[in-house]
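There are 2 protein chains.
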Amino acid sequence: MSLQGYHRWIDKCNNGLRVQHAYHQWSIGSTPCGFIQPWLFQRLRKDFPSVFTVKQSEGHHLESLALSEELDTPDKRSTALAGIMQKLREDGSLTGWRSESYPVLTAFDSEPLALVERAAAVHLGIKAYGVHINGYVRRGSGIELWVARRSRSKPTWPGKLDHIVAGGQPHGLSPQENVVKECQEEASIPRELAQRAQSVGAVSYSSEQAEGLKRDVLFCYDLELPDSFEPQPQDGEVESFQRLPLKDVADIIAQTDDFKDNCNLVIISFLVRHGFLKPEQPGYLGVVSGLLSGDCS
Amino acid sequence: MSLQGYHRWIDKCNNGLRVQHAYHQWSIGSTPCGFIQPWLFQRLRKDFPSVFTVKQSEGHHLESLALSEELDTPDKRSTALAGIMQKLREDGSLTGWRSESYPVLTAFDSEPLALVERAAAVHLGIKAYGVHINGYVRRGSGIELWVARRSRSKPTWPGKLDHIVAGGQPHGLSPQENVVKECQEEASIPRELAQRAQSVGAVSYSSEQAEGLKRDVLFCYDLELPDSFEPQPQDGEVESFQRLPLKDVADIIAQTDDFKDNCNLVIISFLVRHGFLKPEQPGYLGVVSGLLSGDCS
Chain G
1 MSLQGYHRWI
11 DKCNNGLRVQ
21 HAYHQWSIGS
31 TPCGFIQPWL
41 FQRLRKDFPS
51 VFTVKQSEGH
61 HLESLALSEE
71 LDTPDKRSTA
81 LAGIMQKLRE
91 DGSLTGWRSE
101 SYPVLTAFDS
111 EPLALVERAA
121 AVHLGIKAYG
131 VHINGYVRRG
141 SGIELWVARR
151 SRSKPTWPGK
161 LDHIVAGGQP
171 HGLSPQENVV
181 KECQEEASIP
191 RELAQRAQSV
201 GAVSYSSEQA
211 EGLKRDVLFC
221 YDLELPDSFE
231 PQPQDGEVES
241 FQRLPLKDVA
251 DIIAQTDDFK
261 DNCNLVIISF
271 LVRHGFLKPE
281 QPGYLGVVSG
291 LLSGDCS
Chain P
1 MSLQGYHRWI
11 DKCNNGLRVQ
21 HAYHQWSIGS
31 TPCGFIQPWL
41 FQRLRKDFPS
51 VFTVKQSEGH
61 HLESLALSEE
71 LDTPDKRSTA
81 LAGIMQKLRE
91 DGSLTGWRSE
101 SYPVLTAFDS
111 EPLALVERAA
121 AVHLGIKAYG
131 VHINGYVRRG
141 SGIELWVARR
151 SRSKPTWPGK
161 LDHIVAGGQP
171 HGLSPQENVV
181 KECQEEASIP
191 RELAQRAQSV
201 GAVSYSSEQA
211 EGLKRDVLFC
221 YDLELPDSFE
231 PQPQDGEVES
241 FQRLPLKDVA
251 DIIAQTDDFK
261 DNCNLVIISF
271 LVRHGFLKPE
281 QPGYLGVVSG
291 LLSGDCS
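As you go down the protein sequences, you meet chains G and P in turn. Every letter in the first sequence is one number past the one before it in UniProt numbering, and letter 65, counting from 1, is 65. Every letter in the second sequence is one number past the one before it in UniProt numbering, and letter 47, counting from 1, is 47.
Calculated from the structure, these hints are not laboratory results. Do not take every clue at face value.
Identical copies carry no separate label here, and so any pair may be met within one copy or between two of them.
Think about it this way: if two alpha-carbon atoms lie no more than 30 Å apart in a straight line, the pair counts; the simulated DSBU-like pairs of lysine-lysine are [unchecked claim]:
| hint | residue 1 | residue 2 |
| --- | --- | --- |
| 1 | K247 | K278 |
| 2 | K160 | K46 |
| 3 | K181 | K278 |
| 4 | K46 | K76 |
Since we're looking at a predicted model, the values are computed, not measured.
Next up, chain G with everything else stripped away, as it sits in the complex (with noise of 0.2 Å):
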């Protein structure tokens, strides 16, 4: 069987690569942090000259942003990067305010250069970490997965299907401790059952957004549920849970668009590492490798 339809999903998630040479780069002292569009280049150069400043970028041919380097600690860096992204958001431009940290990063066990508002970190294309559970039940006539319908009422990918138990990785919390608290928020999973989740390794990417570049790696998690387990929807972000053969969901994966798009890598890798994907077919390789293409540090 071609492997097509799992290909198309790793293109779509990288679409960010193709177009990068158009981002501008901006750095906090010689770390390359992240990357912007040209509007936000010309806004922060031209209302936020006390902040960024033009450089000449080495290996990329548009001209780059750094931080002043005045701002010589974290909590500088991140106070006066809160006060741009206030008045970004209060003309507009910067919607879907979470209230929640995302740390600037240069590798994941990486010191935070700084902290910025969750909501902004796709606009600064900075580098973001989330934990994606495949929650799953071995019965007799093979793997069945439990797959998450978000509600409608969303703000971002109403409708769509998801993970059991997904999430974006805040400063301050481990993976772990991560894996944990959204299990019970979204799932209503119990901390002895969702202390099981077992570590797999992790999927990356570089995907293009209205908003910017969207660069992440999600740790890849799998939880074996008991067959009586029933997850139930807790904090209003899932609409229902349902419970199908991993066949079903792998033809949804390549035959559909059903899926929130990064979900459909973390469950390519599952089924990669249980042996539903083979060797034997084309572009089994190509599949392995992609799930790795974006920047995984």
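Mind docking chain P on chain G? Use the hints.
Same frame as chain G, but now just chain P:
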């Protein structure tokens, strides 16, 4: 816990990436096929001008060799290359003859451009493939991994620790068929049991050996074995088998050089996929992405 002990295997198995610029490329038509050391470049251009001609490289600073355009079928190319390899064998430049054919491929699912003797794969720096199987047992106390000790009379890696079963991927056999065959030959694992081996992804690397660049993609398989099963050496390649708690195997990898180099990568993949390594450990994402450092296609 630092993952430095694992990172060193990713670095060691990918030392080829750092020296590749000192190799000459060779191609069939416009298709790059591999990398050769300067002595072999000189030898081929001087002694076999009807087979190889010199051309300027695109994107590579050293001169390249191109196979003669008159060799316009895989059969003709295979015959011409076999003649050269036989001459190199006779004068001692090529040792370890296996009488086994490896295909010259641009990607695993592409049509072979030629077949070459397996012993020449590293000299010619072509991409090669293998199957590596982690044979494990689930016990109440956790996972235990079956580990082989290679025969001390083996020409390659004598006495080193190895997977329960692993083998190169020859022409004309599917990876799954190869798994079943190698399981029987190396560990006396019956077909019905071997067929349960589950494909779980791949690792890729580029390793410099004395003879050239070993540019491998290893298809990884997990094979859960019954507690009662004991592998038996069959073809003289294995001295003995032992079953070790996963933690002990992880310590061997992190702290010693006991395993054959590339086995470390496949077991590290197992440690990632089974949650033994965790996102909270500094260097986790470097390990995850580092397992695919080579050209994985």
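Structure-based check of each hint:
Proximity of K247 to K278 under the C-alpha cut-off of 30 Å is found in both arrangements, the shortest distances being 14 Å within a copy and 29 Å between copies. Neither within a single protomer nor between protomers do K160 and K46 lie at most 30 Å apart by alpha-carbon distance, with minima of 39 Å and 64 Å respectively. Taking CA atoms no more than 30 Å apart as the test, K181 paired with K278 passes between copies only; the shortest distance there is 17 Å, against 34 Å inside one copy. Taking the shortest alpha-carbon separations for K46 and K76, only the intra-copy value of 20 Å comes in at or below 30 Å, while the best inter-copy value is 66 Å.
Of the numbered hints given earlier, the model fails hint 2 alone.
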